[in-house]
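If you want the building blocks of each chain, they are given just below.
Number of protein chains: 4
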Amino acid sequence: MSETNGAPKKGVLERLRDGVVVGDGGFVFALEKRGYVKAGPWTPEATVEHPEAVRQLHREFVRAGADVCQTFTFYASDDKLDNRGNQANKTHTGAKINQAACDLAKEVANEGGCLVAGGISQTPTYLSGKGKEAVQAEFRKQIKIFIANNIDFLLAEYYEHVEEVEWAIEVLKETGKPVAANMCIGPEGDMHGVSAGECAVRMARAGADIVGINCHFDPFVCLEGMRKMKAALDKADLHPYLMVQPLAFMTPDASKQGFIDLPEFPFALEPRICSRWEIMKFAREAYEIGIRYIGGCCGFEPYHIRAVSEELSKERGGFLPEGSQKHDQWGLGLRLHTKPWVRARARREYWENLKPASGRPFSSSCSKPDNWGVTAGHDMLKQKTDATTEDEIKQLAAK
Amino acid sequence: MSETNGAPKKGVLERLRDGVVVGDGGFVFALEKRGYVKAGPWTPEATVEHPEAVRQLHREFVRAGADVCQTFTFYASDDKLDNRGNQANKTHTGAKINQAACDLAKEVANEGGCLVAGGISQTPTYLSGKGKEAVQAEFRKQIKIFIANNIDFLLAEYYEHVEEVEWAIEVLKETGKPVAANMCIGPEGDMHGVSAGECAVRMARAGADIVGINCHFDPFVCLEGMRKMKAALDKADLHPYLMVQPLAFMTPDASKQGFIDLPEFPFALEPRICSRWEIMKFAREAYEIGIRYIGGCCGFEPYHIRAVSEELSKERGGFLPEGSQKHDQWGLGLRLHTKPWVRARARREYWENLKPASGRPFSSSCSKPDNWGVTAGHDMLKQKTDATTEDEIKQLAAK
Amino acid sequence: MSETNGAPKKGVLERLRDGVVVGDGGFVFALEKRGYVKAGPWTPEATVEHPEAVRQLHREFVRAGADVCQTFTFYASDDKLDNRGNQANKTHTGAKINQAACDLAKEVANEGGCLVAGGISQTPTYLSGKGKEAVQAEFRKQIKIFIANNIDFLLAEYYEHVEEVEWAIEVLKETGKPVAANMCIGPEGDMHGVSAGECAVRMARAGADIVGINCHFDPFVCLEGMRKMKAALDKADLHPYLMVQPLAFMTPDASKQGFIDLPEFPFALEPRICSRWEIMKFAREAYEIGIRYIGGCCGFEPYHIRAVSEELSKERGGFLPEGSQKHDQWGLGLRLHTKPWVRARARREYWENLKPASGRPFSSSCSKPDNWGVTAGHDMLKQKTDATTEDEIKQLAAK
Amino acid sequence: MSETNGAPKKGVLERLRDGVVVGDGGFVFALEKRGYVKAGPWTPEATVEHPEAVRQLHREFVRAGADVCQTFTFYASDDKLDNRGNQANKTHTGAKINQAACDLAKEVANEGGCLVAGGISQTPTYLSGKGKEAVQAEFRKQIKIFIANNIDFLLAEYYEHVEEVEWAIEVLKETGKPVAANMCIGPEGDMHGVSAGECAVRMARAGADIVGINCHFDPFVCLEGMRKMKAALDKADLHPYLMVQPLAFMTPDASKQGFIDLPEFPFALEPRICSRWEIMKFAREAYEIGIRYIGGCCGFEPYHIRAVSEELSKERGGFLPEGSQKHDQWGLGLRLHTKPWVRARARREYWENLKPASGRPFSSSCSKPDNWGVTAGHDMLKQKTDATTEDEIKQLAAK
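Residue numbers (this note's numbering), protein chains in the order written: chain A, 64 to 462; chain B, 64 to 462; chain C, 64 to 462; chain D, 64 to 462.
No lab work stands behind these hints: they were computed from the structure.
Predicted, not measured: the structure shown is a model, and the values here were computed from it.
One or more of the hints may lead you astray.
Put simply, identical chains are the same to the list, so a pair is met inside one copy or across any two.
To be verified - Quick list of in silico lysine-lysine cross-link-like pairs, BS3-like style, CA-CA up to 27 Å:
(1) 402 <-> 457
(2) 193 <-> 402
(3) 169 <-> 195
(4) 169 <-> 207
(5) 344 <-> 457
(6) 204 <-> 402
(7) 418 <-> 96
(8) 457 <-> 377
Modelling step: build the complete structure from the supplied sequences, incorporating the hints.
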């Protein structure tokens, strides 16, 4: 177990037993906006190419009150690093990218007494229908590095198919580390028609200590899914810890596959970004459901994590994170504003009740999601080393 | 003059004469979200307290293609640092804060061949009606430090009253450096009823080499103001360079005083954040009007500045910034995406025509601005060292 | 049986067996806007006070292609005519009001070869918890008049509780006339928690020949409810004819009790009014589900009924109603418009795909419904002869 | 002069001098929805074909408090009746249509002590550029009938070009009757670039006793235009009575040519329909500007006119129209409603402050108007007897 200042760090399961664990936020969207990650392949090689940028973002989440630094290893399996024209595996190797991610997460976690979580996610190998052995082989390559770095616990996240996450949990359990497992599903369940409740039960039965949902849906839709998971787990008399790390984008109009299907994904999601007040509401509701690991995924910036920390300050023994030194709660910092009508906004009921306008009179409030009804095994989803051609795009656009 | 690799840097006026200068983005909003700045006083002491965070943001803007690093000295005049309960002047002194800002801007600018601009902005002293001498004394304290650091040019920005910016320009001109001057006004002109055109003429007559608008309004509303400025300057046969650094928040519903009056300011502006495509459209329109200094203010994140750089790449001799290595233009990076319907979005016409939904069916598209019709000299706007009390907030809230 | 031109009219069940029956539209909202009916008590005494206005509306629906004239006897039970300050029973007597309604419906139906349906609806007596006998006594008073006038069939509509509609059907069946029964419920079922499917099964088992939904929800939400009804009926091997008469107001945001709970009810529903194109889409979907009696309720104006008739023209043997002489389908009449860009709208794909803007930038697209969770038997719902006092309104407003 | 009960009716100018004149509402849109008028040519031959429907609508407006019955003679000039495939002139003759309109307006006006106004409007002859003599010849044919019927005053309305309305006024003045003149323009002025203020001055100088705006824009945009008219008239020391008859559709997004350019015109304007509360606000503002003739145009249903009457009841000596017997002011009729939360809406502040939702999450709040920038004289606007062909529509659609 990692140590800070000589004293052994309390593990994730003990922390969950005793209180709330605040997760960190999303790396790929934040680093894309900062200029270090490419949307589409969501290039995890930033850990090698620009460690200072990844380190700074880790620090900001820790300042915001996160208890965990997740290694920035999303989509960093070798098969993904080689997919559709990406060449990161050739240039850097997956091993080097994953090692750099461990270095950065550990460095910052150690500064702040945080835990390090090593994360794996769904693979093109699974979507291409190559079977259990091939898929687990991909997972093992990343996990080997996590174990060599003695990270604190393991996380399988962003799985659309319960079968694949079961395979992942199986491999993660071999390590003896605590295992968390999250699917990127909504209340309707996984891509193969397995209900959200059944997914939770299967993850718990596969051995996950912590079970939940991440990404793909907004905070409140994710909580709807979590309620279904909890009900099914309770019914099955299974009691893993519950975890949720939603988008910080409002997606009431997303269908089964979430925000990826929305026409705004990924380059025009701005009007959907959650305010800090919406995140505080989410944190409170999540806690009331009984969820104890509460963090964020794509769209969660440091101030969103700070909002979680502030909302659950009492539940965390009065703890306020460093970042709150620059954030008087409920807008009280506005008491220092020049304009008197802005000073009048320095109060909780103002922000709690505001329905923020979009400033976009030519936009609608909801979109019809794209959804071509293709899922694992379908030809269009198969792994492919070559880049997509212009002709292929034209054909897709004409659909 | 600063130097890079032995060769003298080309000055701002020469760059404007020969092509386009891309400005950087907004520091206070970006650093508030990252946890280093408090909304309300917009605490510039971050330069002293967290230089690594300020440095990182400078770097991101340079990677995004900015030609200029503005010192992070907004609201860093001594009078402001002491206003309404803020104590930064006591803790750090304005001098130290301004010096640290120069150090950080110069460090990063030198890495990237960029210019350093020393910025001053409107003062509580002016709003409190203390007269020209007192106001100019505030300006001189900041300017002294800029000159000691031999920054490349000076910028007076965020002025609501043309009178105050004239006083600022007068002081800046004493230094012999090139002078840029921006007011935070819209097409309706300044707070005392001076038209936008007249404001431009007065700034030019006061000696500003570069004249324009920053903050308070969205890109397209700012350009409306710029069109009025240009028309009035042309009519007066005055030909300063034109500059614009708008918000990256859509504000079609703001009235004379801009986004500050909108109920969402400053903690629920998310749905108004501009997409990169909106910023590209802005950059093109700005260039076509004849504006040659194009940057951003509050809300402009690094990817917004990158959008300006990409849109004007041809005009800058084919130059694409470092940050564009992680950004295929017009969404082409989506050709690597797993889902075929997302690959279908890898084309210009898709993003150019999208009207992004808000995901907020309970929000309207526009807000009625607050606006209490008080301006410079009014009692409620006067400088005040003490913090606002809870009773005062209650009285304001009841208005 | 009534006759037209000597030949006996084909009955409603035969018409349904052989094809489509188009119902008429809503009287209370249309006549309120024309100045003859008061919102709240929805005063059916208009049949006595202004027969020319009721007759004209009947005629417009027949011109629009309706096969049925419903007697304007909604809320014309004696107990309702005496409720909460209404005095119509004293002034006119329920008997006279119902007789006048029969006269008007028969007069116009005979002009156009239409059927007359005698309609009853839910009673304050039921909401006040006065029991089966008292409720059925109310029904019998209206039915007696329908039978004396030998109307063609009977319709129990606008029931929120399946128990009350069962009592109604029982009484209607005593007459030997064909019986239609409609509840004003959505996909969530009745106010006592009985599912939509179960409601349909119970109405069919009680003896209704025609079963369905009217009022309270928009066309597409009603069809969702109808799909559930059909599935449950099929499963129970019950095969009554299906009928739907929805609102012509869009209510995606309504909860269990429908549009009454929406803040806009009843005086600010304008932005929710369906276009003719939305109604055509509804008529097509309803037909495809297998519904054969398709009409409208509140908000349905004559042009909405014409839209149903035009959409189902082929299914009705090529029949186009008289009103279509003044309505070229799919906007083709615009070929005669002066402005060329309006002539460009003279085509189906234009209107079919248009998402009409609200012209209301300060309005949201959805509302949070009021819903106090009180239902039959609750004190606040009890019948009360006296008018509500100002104090009572103040107390309600403060909730 | 017509008489009621033996006493001579007070003329329109005397009524305006002494108080407020309430106009009637729009016939073409209301009768289109009722099934008697075709959108596009807006077939005025309804007066001959279905007098009972036109008479009923007249009666409803009188019940709603209208002081004037306008003859339903919009677009009833011979040249319009023959335009683009319309054949009404051949079938019925313009003379017969206009005579029937006079009969109906007089019949109902006499029942209610109202005035009859004979109305003419812009002509295809003018748009085709055929010159003053030809245009005035068209006007004279209609006016001749009005005079033969001794109507009370004359109204030239719905003119887009001030030149044409001047020609109209010239002809109307020959009759010796009081003359009202309205243009269908907004604050930007007429189609040839003449400002709204200048248009008003020219109408007054041409001899109009009553000057104003009708149609094309929403109530509040029309009032903006009226403010400009009043300012210019005051400046020119001209003092005609002021008149306004706006749309009952919200059009904040319409450009110079008004609602015709909006994509929703004319078959999907429903979400833009004004509520009664918006009309009351309009009536109050109109009165405060000094406008004394206040009515409505397209979209104004009887209940909208009733709202004008109720709002100005005090100014009309406490008069409430017959239709108000079925309309307790400010929603007070809801005190009789069954549901307690609907009874809670029985108060003024509730309705006055409600921003009604659209129920349309896939619609935006504003539209970009079509506007091809063609005006009088342009080939595409020329009169044409033949119907538009399908090919011509295809060509227009492709623009």
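Hint by hint, work out which the structure violates, then give me just those numbers in ascending order. 3
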